[in-house]
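Protein chains in written order, with the working numbering: chain A, 1 to 256; chain B, 257 to 508; chain C, 509 to 774.
Worth flagging that the hints you see were computed from the coordinates, not collected in a lab. Honestly, I wouldn't trust all of these hints.
[Claimed, not checked] Derived lysine-lysine pairs resembling DSSO-like cross-links, with alpha carbons at most 27 Å apart: (1) C/696 / A/148; (2) A/253 / C/771; (3) C/771 / C/696; (4) B/376 / A/253; (5) A/148 / A/160; (6) C/696 / A/253.
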Amino acid sequence: MTRTAFTPNWTARGALLALALYCVFAVTQLDISWARILTGFGEGGRFLARMWPPNFERWDTLVEGMLESIQIAVLSSVAGIILSLPLGLMAARNLSPAWVSAPVRGFIALCRSLHYVIVAILFVKAVGFGALAGVAALTVASMGFIAKLFAEAIEEISMKQVEAVRATGAGPAGVLLYGVLPQVASRFVGFCIYQLDSNLRNSTLVGIVGAGGIGGTLFAAFKRFDYDFVAAILLSIIALIFLAELVSARVRKALQ
Amino acid sequence: MSAGLSLRGLSKAYVPGKPVLRDITLDFAPEGVTAIIGPSGTGKSTLIRCINRLVEPSGGQVLLDGQDLVPLRGRELRLARRRIGMVFQEYNLVERLSVMENLLSGRLGYVPLWRAWLRKYPAEDIARAFELLDAVGLPDHATRRADALSGGQRQRVGIARALMQRPALLLADEPTSSLDPRTAVEVMELLTTLTQREQVPVIINIHNVELAKRYCGRIIGMHQGAVVFDGPPEALEASHLQLIYGGEGWQE
Amino acid sequence: MSTSLDREWQRFTPTQRIGRWLLWLAIVAACVWAVRSIEIIPEFLADAPQQMADLLLRMWPPDLGHYRIGVHDALIETLHIATLGTVLSFTMAVPLALLTARNVCPWAPVNALANLLLVASRSVNSLVWALLFVAVFGPGALAGVLAIAFRSVGFVGKLLAEAIEETPRGPMEAMAAVGAPWGHGMLKGMWPQVQPAFWGIALFRWDINVRESAVLGLVGAGGIGVALDDAINFFHWDRVATILLAILVVVVIAEIVVTQIRKRLI
C-alpha cells in the first residue's frame with residue numbers, strides 16, 4: 001500500500017504546458033526572430049539618442065494641443081456623466097421593468113465593447129476631423145463605464161429603505177431622490193472622478209486618429225521623425241497624467 | 257361605518273393555491289392601538305402590507321374612511337399612502353441622510369418635487385419636525401446621519417417620520433423585534449402615548465404577547481392566515497394562545 | 509413648544525454650502541471654458557446625427573464574405589499579440605513587483621525605483637508604446653507584442669505588489685523558522701498565498717489586452733487593426749462593419765471565457 005503525499009494536479013500542469021507550447025507556436029506564427037530583435041536593439045539605441053534632449057522649442061503648439069485634450073476630457077466627462085444618470089437608472093434591474101433594463105443594458109454593453117479609438121475613427125469619418133469626434137468618442141466610452149457601474153451600485157442598494165419612502169406616499173421622483181440616490185451618490189461621484197481621470201489619459205490619444213487633442217501633434221511629429229519633439233510631448237503627457245492622478249487621489253480622499 | 261379602517265374578505269396568495277391570508281374581515285375603530293399576534297410566517301406582515309399596498313392583495317377590499325384602496329393606481333394610490341404612516345421592523349431609515357431629512361421624507365407625498373430636491377420645505381413642516389424630535393426625545397439629533405444612531409434611536413426617528421405624514425392610520429410592522437427588551441418597552445411606550453396624543457389609530461404586528469397585552473386595547477390573534485382570536489387583552493387566555501401558536505409546550 | 513418655531517434647519521453648515529457652491533462654480537466654469545475655446549464647427553455638430561446615420565447605412569449589410577479572406581488571420585494574430593504580450597509582461601512584472609513589495613525587498617530606494625518603473629509603464633498608453641516600438645522594430649506584430657507587454661507591466665506589477673504586501677507574515681516566518689532558504693520560503697510560504705491573486709490579475713489583464721490589441725494595427729503594430737485601417741482608408745464600409753462585428757464577438761467571448769475560468773479557479 002503506497003500512500004502519495006501529494007495529489008498531482010494534472011489539469012493545472014497540463015494547462016501550463018499547453019500555455020508554454022502555445023507561446024512557442026504563436027511566436028513562430030508572428031514572424032518574430034532573434035535577428036529582428038537584435039537589429040531592433042541597435043535601432044532602439046539610435047532612436048533614444050535622437051529623442052534626447054527633448055525639444056520644447058515649439059511649446060506653443062504643445063500647450064495648444066494639451067489644452068484641447070483637457071477640453072475634450074472635460075466635455076466628454078460632463079456629457080457622459082449626464083447621460084449615464086438616466087441610463088444607469090434604467091439599466092438597474094431592481095428599479096426598472098425587464099423590457100426597459102434589457103435593451104439599455106445591451107446598449108451599455110455595446111458602448112463598452114468597442115475600444116474608444118475605434119469609436120473615435122467612426123466619429124471622425126462621420127463628423128469630420130477635430131475635437132468634436134474626440135468628445136463624442138469619449139462620451140460613448142464614459143457612458144459605458146459609468147452607467148454600468150452605476151447600475152450595479154443601484155442593484156446593491158437596500159430596497160427596505162426604498163420601500164419605506166414609498167410607504168410615505170412619495171411619487172417615483174421622490175422615491176428616487178430620497179430612497180435611491182442617497183444610497184448611491186458617493187459611489188457615483190467616485191466613478192465620475194475615476195472616469196474624468198481616464199478620459200484625461202485617453203484624450204491625449206484620440207488625436208492619433210484625427211479626433212483632436214495632443215495626440216494629433218504627437219502622431220505628426222512621429223511621422224516627420226521629429227523624435228526630440230516626440231520626447232517633449234511624451235514628457236508633457238506623462239506630467240499631465242501624473243498631476244491628474246495626484247489630484248483625483250486627493251479629491252477621493254477628501255470625499256471619504 | 258365610514259370612519260376608520262375596514263378589511264372585507266381580504267386574501268393574498270404569493271403562489272396560486274397557497275394562500276397566506278384567507279378571507280380576512282375586520283373593522284378597526286378610528287382610535288386606539290390594535291395588536292396582531294401570531295407565529296412567524298402566519299401572514300401578519302403581509303396583512304399590514306396589504307393595507308398600504310406595499311403588497312398587492314389577491315382579493316377583497318381595504319376600506320379607509322369608506323374608500324376602497326385596492327383598485328387605486330398611480331397618483332391616487334400615493335394620495336392614499338400618504339395618509340397611512342408606517343413603522344418598520346428594521347427601521348428602514350435612509351441611512352445616508354440626516355435625521356431631519358429622514359423626518360422630512362415623511363412629507364414627500366405632500367410637497368412639490370422641487371422643494372424635496374432643494375430641501376426647501378415649508379417652515380411649518382420643519383417646525384413640526386423639531387416638535388416631533390423633541391417628543392421622541394432626540395432634540396439635538398437633527399443633523400446627525402441616520403447610520404450614526406443606535407437601534408432604539410433609529411426606531412424613534414422611524415416613528416417620528418411616520419407621524420410627519422399626519423396620518424389617519426399608523427401601521428407598525430414588528431417595531432420592537434430588533435431591539436433589546438428594555439428599549440422595546442420604551443419604544444412601545446413612546447409609540448402608544450404619541451399616537452394617543454395625536455389621536456391616530458395604530459395597527460401593530462408584534463411577537464411579544466406581554467407587550468401586546470400591556471399596551472394594546474385590542475388583540476387579534478392569527479393562525480395560518482386566518483383570524484382565530486379577536487378581543488380585549490383581558491379576554492386572551494392560555495387556550496387562545498394555544499390556538500394561535502399551536503402545540504402545547506411553548507409557554508414553558 | 510414655542511422654541512421649536514425659532515429653530516432653523518439647513519441641510520449643510522455655512523462652510524459646507526460655500527464649499528459646494530465653489531465646487532459647482534468650478535465645474536460650470538470648466539465647462540464654459542471648454543465649450544467656448546474648443547474648436548467645434550457648429551455646422552458639423554448640427555450635421556452629426558445625419559452623418560452618423562449615413563455611415564451606418566453604408567455599413568449595412570456587412571460584407572461577411574470578406575471575413576475568410578481578410579479578417580480571420582488578422583483576428584488570430586490579434587489574439588496571439590494579446591496573449592504573448594500578457595505572458596511577456598508577467599516575466600517583467602514579477603521581478604519588479606517583488607522589488608516593489610516592502611515585505612520582500614527591504615531597501616527603500618530599490619522599492620522606489622521599481623515603483624517608478626511601474627508608474628512610467630502605466631503612464632504611457634499602449635498605442636503610444638506601439639508607436640515607439642514601430643519606430644524601433646518596424647511595423648508588424650513584434651511591435652504589438654512589446655507594446656502590450658510594456659503597457660501591462662505597470663498594471664500587473666502594481667496589483668501583484670499590492671497582493672504580495674497584503675500577505676500575512678506568518679507562513680514566511682514559519683519557513684524561516686524551519687531553516688528554509690529564501691527561495692524555498694518564497695515558493696512554499698509566499699506563492700500559495702499570492703497564487704489566486706496572480707491568476708486573477710493575469711485573466712483580468714488578458715481580457716483588457718484583447719481589446720487593446722485590436723487597435724494597435726492603426727499605427728502599424730499588427731493584428732486586426734491593420735485590416736480595419738485598410739478598410740476605412742478605402743471606404744469599404746461593409747467590410748468595416750464585418751471587422752467591427754468580429755472584434756465585438758471576440759471581445760464578448762474573451763469576457764465570457766475569463767469569467768468562466770475565474771469561477772473555476774475560485
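Consistency of the hints with the structure:
no.: 1; hint: C/696 / A/148; in the structure: violated, 40 Å
no.: 2; hint: A/253 / C/771; in the structure: violated, 33 Å
no.: 3; hint: C/771 / C/696; in the structure: holds, 24 Å
no.: 4; hint: B/376 / A/253; in the structure: violated, 30 Å
no.: 5; hint: A/148 / A/160; in the structure: holds, 23 Å
no.: 6; hint: C/696 / A/253; in the structure: violated, 37 Å
Consistency note: the structure conflicts with the earlier hints numbered 1, 2, 4 and 6.
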